[in-house]
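Since chain D is already given, all that's left is putting chains Y and S on it; use the hints.
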Amino acid sequence: MADAPRDKAYEAFRYIGRRRRAVEHRRFVVGQGRYAADIQPPGLLHVAIVASPHASARIVSVDASAALAMPGVHAVVTGDQLTPELEPMLPGVDAPKVERYPLANGVVRYAGEWVVAVVAETRALAEDASELVEIEYEAAPHIMDPERAMEAGAPLVHPAHGSNVIFRRVFEWGPVAKDFGAADHQLSYRVRWGRSSTVPIETFVVTCDWNDATSLLDVWASIQMPKYPELLARCLRLPGNAVRVHFDVDVGGSYGVKRGLKHSILVGYLSRMLGRPVRFLEDRLENMRGGDMQGPDRIFDVTLAFDADGTVRSMRMRAVDDIGAYSGRSPLQLGKPVGAIVGPYRIASVEYDAISVMTNKTPQEAVRGFGQAPTNYAIETGMNRVARFLSLDPIELRRRNLIGKDEFPYLIPSGTTYDSGDYQAVLDKALNAAAYPDLLRERDALRARGLLAGIGVSTCLEPSGGNSAFEPLFNPKNPTTTWMDSCLVRIDLNGAVTASMGTSTSGQAHETLVSTVVGEVLHREPDSIRVIHADSLGALPSNSPVGSRMAIMLGGAAAGAARLLRDKMIRIAAHAMQVPPDAILWDGGDAVLREDPSRGMRWGALVEIAHRKYHEMPEGMEPGLQEKFVWEVPTGGKMPTADGRVQMYPCHSFESHVVLASIDPETGKVALHRYAVGHDCGVMISPDVVHGMTYGGIAHGLGAALMERFAFSEDGQFLSGSFADYLIPSAHEVPSISIADHCTPSPLTSFGQKGSGEAGYLGGPAAIAGAVNDALAARGASIDALPMTPPAIWRALAAASTASTPAHRELAPAFEGEKC
Amino acid sequence: MKAAPFDYIRPVTVAHALELLAQHGPEAKLIAGGQSLVPMMAMRLARPAVLVDVNRLDSLRGIAAGPGTVTTGATTRQRDLEESAVLRGAVPLVGAALRWVGHVQTRNRGTVGGSFVHADPSAELPLAALILDARIHLSSQDGGARVVPASGFFIAAMYTATGETECVTGIDWPVWEGPGVACAFEETSIRHGDFAMASAACQIQLAPDGTCRRAALGLGGMASAPLAFPDLAEALVGRRIDAAAAREVAEAAVSRSEPGTDLQADAAYRRHLAAVLLTRVLLRAGAAPVTALAA
Amino acid sequence: MSSTFPAPALATVEITVNGRAYRRAVEPRTSLVDFLRETLGLTGTHVGCEHGVCGACSVLLDGDPVRSCLIFAVQADGLSVTTVEGLAPERGKLSALQDAFCESHAMQCGYCTPGMLIACQDLLAHNPQPDEAAIRDAIGGNLCRCTGYQQIVDAVKLAAGAPAHG
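Chains as they are written, first to last, in my numbering: chain D, 1050 to 1869; chain Y, 52 to 346; chain S, 18 to 183.
Take these hints with a grain of salt, some might be off.
Facing chain S, from chain Y, some residues (calculated, C-beta under 10 angstroms) [said to hold, decoys possible]:
1. D58
2. M92
3. R107
4. S110
Derived from the structure by calculation, the hints contain no laboratory data.
Note that CB positions come from ideal geometry on N, CA and C, so glycine has one too.
Bound-form chain D, shown alone (with noise of 0.2 angstroms):
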């Protein structure tokens, strides 16, 4: 466990920082969450899927007669009937013709799509309906790989776009030419991220209830998504105020992907059409298939420019996104990465070819990071090839490059500037965390056994304070620069607080933040502070915990809410005791004589003269004790630069893993011996919480680096349907852990605080990458592409055995199965 944070910046607090159990907690251990599944209205509605068997088809027939035959069966539901009931979901970047409904119309474009919805008393029923609905398909040529889909001729995915190119556009930041002409040496590589997701335990479920007395959808569901409300009820053609999200369900995980805004579009339409309470349930096989949630697939072609002491100078990436067959937020996923496209090192210019490229696959949806894994993988990769070509330490090149502390705010080519960090102690954090000096000996022990062994280092950053910088950078017709978040705080007659917050929460323990953070300021003791999520028409705008946002922005918004209500307190008691507010202090949740403690005014007159006494309060002060606070994300609000530079996320949170790793040289199977994280995301509202993320981002970086994978046939068929082939880190697998908390307060936000959700998975893999690298570099042996499997590191060994020792017969080609 790691230790309760002691750095100073914390001694200002009295809640803040310190351990605390995490609310939301006990309803989770005795069975009482309430997740979306557990919402079971009356006369509920079931939905099972008839999918797409064929990756590219033209639908020529469906005969649903048998099916709607059946006792039980309510519906059976195709896109030629829904889609003229909705208005399209948008494609994210300047695509229209690129568009998306939740059924297939006329032709499918993976396997896995879905093509007839089907509606019954229980789910079972559903699904032997939809076993006898008859659908004939004339195959069409698919393209799976998205290089090839890049070329001419290749099979088009929307030929009404005219290329299976969704997204192009080349960034130059800085004297790209100038500085590769300078630099002594120049060293290029190709890296590919793996096709793999968060894949949540829970699956997404969406039940909706439409009352036509009060021409009201009522909506539960697993989702993590801004502007979900809004979005579902202009593609049901609906009113805002026609649709209600309850967001006081516990969302069973998330980290990014649940976004099933098809799935409610279609669970929308067919409550309003049967008059019935719907819901969809994804079982496990239609959330890994037609749920719209798989990760970043990247290729990444990187040339470095770097001199003889290891400065790295200039950077060139062409990164191209497989996002699958169709688009909403994907190709934004190669925006982000925009604001921390040189990591944390001081390289001082940068071209970007951003790609994103669409293939008859099933579409990506937002991953944890919105991928700035992936880049910050790439980046790492050629920080390691450098070492390597240099004969340079790792570290020590890392140091060479690392953005100096008082180097703060420091802008990078691409326009953002990173508020604050101490990247050189975070390393040395980790460093000592790990014990490096014990960790090469037993590095080398492993190695003396017979086995190949190595360690990797990370130091990556983690943008946070969630904005939507990339939306008008990545679509000009789209000049958006607003991504708030609120809070509504209120004292009620009898003294007791009450918070609301506007979004659902996927484990992430918002009630807890929200607590500590208004007890902090209205000196309250958390645990006496309720907090709740508003359903969508009683919210103040919130957009959602995406882009490690919430410490900061419902933090901050909670924050400004209590502040208002602390001043107004202030103001009441200044009133009754005759002095200026500025001669009163806050203390302990009572309001007091700076010049005299021993007098005052107690937290219950002043609600009580806010409530009840209106003779008593300062004239045209509103009565009652209640304030929202709606913020902008700080040093958001501004529109990019023509030339492509934009301020994407406020706050920069950096971690430095330091890993070791083993290889059995000969099963290729990797195990990780001892890790270490270094970790600054400034101040920690809540350690735990904090520290918690990080473990579970390590171990989803785990996974991506070594076992995750969404595979496909060539044919077009998928391959990863089930939680047996898709394979998901158990207990087995994930290393024990040590953190090292590191602070270095942010200016920008109203504790110092920065964000923390995607910790542990923007380094991890590029770690866990680097220690294997270093494992196998004993046998010139090299791997650069996620996940590496036993199998596909057998075959980088056997490729360097056969470069040195000629005729090896036992060397396999690629696997065949699948090259995507």
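Same frame as chain D, now just chains Y and S:
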């Protein structure tokens, strides 16, 4: 992911169960622990019209030591095998194999008979049974009881010598008498507890001079069914199991395998892996006393 | 495959859940977890994969941890089930293990937590002083996507009276 509809019958005697099988033929399926069958039913890859639950038939459950064998009833839980000192002592390979079987929640329900009839090519207990040449007891209403050696039992995944009206009632595990018996089981999967990409097992009896007196060895996950190699085992008798001998046997065994390619591993890797694992288990079992290996 | 579906006969089951006896008529194909959640409304037990890999649906069946998605309710007829709702010693109190899970922040979204508690409860019943390897083995069949397992391991150590990670 809901099973197709079926009728459920829980017979009170084995005779009743056999009668139901005779009555319903291929429409009926036996269930005991259900750890392999139920996922297939949930995905509708299996859809019996009648499910005959033999889980509570006491006569099918239990572990009994007899002369030269230990008999385990078909519905004996994997966890019961794991906890049986009698079985682990007499047939150490079963204990070594069980270390790799699933997780505690599945071993609590999963039965030895279920594992046999499901016959996944990389399942551990079938491999152990095959190389020891365990004997499988089958019964049916019309055909009565018969015994099939493991060498004639496993054909392919979900496909064994069990007739469609037959029920596996028990397994006789041969006991190797005398000193110097050692065994080893090893497999590689990407995630612990999953079906292996390949597995290897052996049981060896060493003479006092360290040469091999008796051997049995085999591979899992390398064909449509587990593989045993009695002739290669026989060829080890009288030899000292050193690295060269182990490697030679392993390569010979692998050369006779026909592994497939799937999502986790391709055939070439499987061949390589199986040779590595079989070499390792032969060396481990051939070099150490049983007490060090059965754990 | 196309087929017809005759209306299935219902089967009556009697199952004791957390000490209370329930008698219900169910389709034979109803899994135990669907029986608990949908028929009885005991939604504390969660569904993750429905094919026996993730462990989210773990319950104690006659005292042993099992996956309730891999058992049909009819198979549990006459048996006794303990779910997460039955782990607390009394209303308003927490078991030592539940308390330790709260104290160690052994969960985030809470979705795998009921299954984790069941697995760990069984571990401590058989092995009151488990070492880290035993704990990781006991929860090795329960997938968690939030915690990386570390704070769960800490919680079990805490419940067992052992010091957590240093």
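Structure-based check of each hint:
1. Look at D58(Y): its Cβ gets to within about 6 angstroms of chain S, closer than 10 angstroms, so that hint holds up.
2. Among the interface hints, the one on M92(Y) holds; its C-beta lies about 8 angstroms from the nearest C-beta in chain S, closer than the 10 angstroms criterion.
3. The beta carbon of R107(Y) comes within 9 angstroms of a beta carbon in chain S, closer than 10 angstroms, and the hint placing it at the interface holds.
4. Of the supplied interface hints, the one on S110(Y) is violated, with its beta-carbon coming no nearer than about 19 angstroms to a beta-carbon of chain S, more than 10 angstroms.
Hint 4 from the list above is the single one not met by this structure.
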